[in-house]
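Below are the chains, spelled out letter by letter.
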Amino acid sequence: MAVIYIDNVPYEVKAGKNLLEACLSLGFDLPYFCWHPAMGSVGACRQCAVKLFKDDQDTKGRLVMSCMESVRDNLYCSIEDTTAKAFRSQVIEWLMTNHPHDCAVCDEGGSCHLQDMTVMTGHAYRRFNYKKRTYNNQYLGPLINHEMNRCIQCYRCVRFYKDYAGGKDLDVFAAHNNVYFGRATDGVLENEFSGNLAEVCPTGVFTDKTLKEHYTRKWDLTMAPSICQHCSLGCNIIAGERYGELRQITNRYNGDVNGYFICDRGRFGYEYVNSLNRIQHPLIRSHVPEAVNRETLFDHLKPLLSGKVIGVGSPRASLESNFALRQLVGENQFFSGVPETTAEMMEIILSVFNTGDVRIPSMKETEEADVVLILGEDLNNSAPRLALSVRQAVRNNPVEVANTINIPAWHDAALRELVQSEKGDCFIAYPVITKLDELASGTYYISPDEIARLGYAIANFLDPQASAVPDLQGNMQGHAVLIGNSLQKAKNPLIVTGVSLQNPSIIKAAAAIAAALGEGDRKAMLAVVVPDCNSMGLAMMNAPSILNSTALSTIGSPDTLIILENDLFSISQEAQISEILDRSTNIIVLDHLHNPTSARADIVIPVGTFSEADGTLVNNEGRAQAYFQVYMPKNENLRESWRWLSDLKNLRDGTTDANNVTPHDLIRQLADKMPQFTGADQAMPTADLRIKDQKIPREPHRYSGRTAMNANLDVSEPKPPSDPDTPLSFTMEGYKGLQPAPLNSFFWSPGWNSNQSVHKYQMEVGGALYGGNPGVRLFNHINPGDRSYMNGIPPRFKPDKENWEMLPLPHLFGSEALSSLSKGIAELSPQPYVAINSMDAESLNVDEGSILQVIIEGVQYELPVKIKPELPARTAGLPYNLQELTGIKWPAHGQLVKG
Amino acid sequence: MESLSNRKKVLEQKPMNFWERLYLPAIFQGMAITFKHMFKKKETIFYPEVEREFSENWRGMHSLKRDEQGRERCTACGLCALSCPAEAITMIAAERQKGEEHLYREEKYAAVYEINMLRCIFCGLCEEACPKEAIYLDGPIVPANYLRKDFIYGKDKLVEDPINIESPVAGN
Amino acid sequence: MLRVTETEHVDFSSELLSKFGEIVKRYPEGKHKAALLPILHLVQAEYGWLSPASMERVAGYLDLKPIEVYEVATFYTMFFLRPQGKYVLEVCRTGPCCLVGAEKIMEHLENKLGVKEGEVTADGQFSWRGVECLAACGMGPVLQIGPEYTFHENLTSESVDQLLVDLKNKDLSI
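Chains as they are written, first to last, in our numbering: chain A, 1 to 899; chain B, 1 to 172; chain C, 1 to 174.
Read the hints as simulated data drawn from the structure, not as lab findings.
One thing to keep in mind: the hints can contain errors.
Just some of the chain B residues that point at chain A, by a computed CB distance under 8 Å [stated by the list, open to error]:
#1 GLU87
#2 HIS102
#3 GLU106
Just so it is clear, CB atoms sit at the ideal spot from N, CA and C, and this is done for glycine as well.
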């Protein structure tokens, strides 16, 4: 701690930070542009000037950039000093000379850092009367819009895109008054995190192009805290709505999870909510007409629920919905709708996590690793935000030198100069090249079984007690020793693995390495990527997979099969799914979009998507996080799955709930029933939580048009919808002060309209939110002793001439079904292909682009060849879960025939 | 009790005298005033044949202006809606497409612009907030109507007629 | 940013490539990016300007992304990103020269040569542009003539005319 004097008032602040951070943490309003809490300082924009004094006697002082000044004891500075104030207002005046002042047509207007800073410094009158310099804008793809004239040259975009996220195709050109930020030529931005440019840019140079389609100012959005649904990491987001349409996703800061950034799939994958393919009415196929009202539906359902009812839960439905289904059908009739192998892998992951042999890192903690080993995951495509964390982690080792020569951690320019291209150790074992390979000190392009064997060999090297790997391939032992040595030396090693390659042995091997690395305080971190947003939560319910053979025998032929938010046809072969569906007399599907499974259903019930429902999800680290309904859909049929299912339970039992069922009630019951969920009820606040007797508003207090926007439908202004389920209100009325962190509907503070206002919600800049970061970590219950994962070393991979090993290759855009329905993401998704190596291509006598017939268990696909020279022999990569390639039972083998 | 305001006036109620009870002088006095008004200037205006002259700062019905080339000035920035204390303005913004440059002045425009005239209090804050000089409350009195829904004024009623641009209003 | 119109292939002569090799050798292993600036100078000396194709070729040679070369090349104003005349007349346009009529000189050049700043005359002989201070503030207006960089001080319209004639004659005499 250090005592600093700001305008002669002493404050106690944390030493080691820079003065700007300290001032902002103390609540002072100091303008800045180039500094970013996650990216540090470079002192480029000259906007955060303050007067610094030698001691309390010094009256003259000197101007310094507060972002470049280390906090130290007895530091005297002045923010209010007239020279400093004049300097700041002059700086913004010349930054603004070429700014087009087109706020009225700019998408950033109303959430613009430049607007805020201009107002803050008092630059209200333009004196520059000359011609402004103008630029041509570029086409940067369907997701990001470019408007270069608005640029104020803060360099944040390239610092984020190139330095922080490792992008290669955005750069800065020219000098002086002609600086240009863009690509060399028009084209789609290649980086997975390009959407963050819209938030990093302090003005409207880079903006969200999907928002343009249905433009709404920040103050006009109804917003709610939400959780991204498009991978297992559980990034926190804010979802905004107007006129009954979801319009924008922005990052919601959570210091433990996503921090300041989310990936493009999460930001732009929301459009399925507004899809025309939504199920709008309950449908009874045998009824004429099919669409029915609620009464008819319930009358029809009542007899169906009394027989033998089987429920199939979903890895993309909330804990509440899955639990409500389990309550409806009973524990023994509840199955999980995931492929058998996935269920097996999830079981292994749970047992590893429950032993307590490893440390389960949050995403923030993965950023602190010094050596990283990635076994069988292409992070940029399967869990992109984690790839960004790994990118930061490899800098930790070289940055450590900085401490010894007194370079503070925030001094970005000096650190980059010091580190240059130095990297800490990072090893990647994956069948094909991944984007992170450029960071890696060792890359191993081997088949899934060999990846597992390499893992076991490392574990054996680290802990000779672990079983040795028989029949190791030539140099594999050497690699294992190299990696093992590096991991052993590491202070904070991180093992990343996951389910992408559909190989349970890889997860076991990764767990064996982590366990072998250390115990107690020296426990190694094991991060596991799982398939869907609530895969972990569903797995924790311990329900067997519906595709499991023992499960199938218990199912028999039920009267009714209820399928919750799940397209079964996408997870396994059509024949297998049809067989299961055919057993049941009645099939009820609850989902938000029409899909092959709902097409087979006898009864279809429409449900709300994440923006129309409340719920809790468990992410890959076992963090339970709540998401909240953003708006009340105009269509009353779009209700939460758990509400429908609770109604069905009441319908069957002939009971009525005295009170409205709230998500919190369901989670509490869940935690009571299943102790592994203890604590999850803390993640979802009770519905009667009030702050100063008030609810928390979903709308900013400047929300406009309330008496006009729905007047075309009903001029008599109905009462605004009430929310009995959560402490949030659907209007602007409510508590305006600091909300509890999980309930931050939007970030706003007087004078801070942009997302930069988040620092007003943090205990210290870049730190945790007031009241702690949202989310509750489960897995506190340790069952030590079970080390069955130590066994199961697969035999050596032998290329099979006939039977090719199929490898599912995930793609950021395309591999996740819901996000692929967004227009921009669909445009950027790859076309189906089959990837083989050059030798195999030669033996098959095919070239890049020629058509191969791929036959997997009797199903034939005609796919163009893509040559990936690094692929192991006799393995073939298929883009995972593309719309055209769903319904493959993984892991898969198949034949390749020249077509 | 002492009066609180010190302005209390005690009225005397003494019985009327003979002349007063006759009432005739008071009647004549009253009739004189009545007849005097017959020769004075009329205060009433025979609306709708005659319309009252509005003062310069009169605020009537809104109109969405066009520029000198006949393009809509409004860019749907939302500041009028933001400033509206009755929250009676709503709009949907749209991007100007290629080939529409003669219709809209800037790259955004209001695809839908609606004012709920039942809610509007004619305070003029929208006019004040507009950075594009696109909205003025310079129209006539908003006419009465039978149906509530007819008080929702869309662009069809609000946007200035393109003809106006040929002969700019004198005195503007 | 760059108007990449040229798609023609550029092949560097073996002589040039050997010069590149010498430059790369100066820097430690893995730091070959440092050779970018001197190599770009050589390329400009050879071709008179840096065409996108030649920059891409340099990127390929140094194992960089083309965008990294563009970044450097666009930053420095002495790299020409479009074809220049044989003589590049660079007129100082900084304060002191401006006060004594640099702008008039530039205007005169524009009229005389019939081309705008940065453009080349039809005969490919001349191009002109304004540059920052040439460090002869006492003798302004000043211009320098590349590629040999001869300096001419105390300019007037007449002396500029004379200069142009001299340059043309010099060219004929060769």
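Hint-by-hint comparison with the structure:
no., hint, verdict
1, GLU87, "holds, 4 Å"
2, HIS102, "violated, 17 Å"
3, GLU106, "holds, 5 Å"
Violated hint: 2 only; the structure is consistent with all others.
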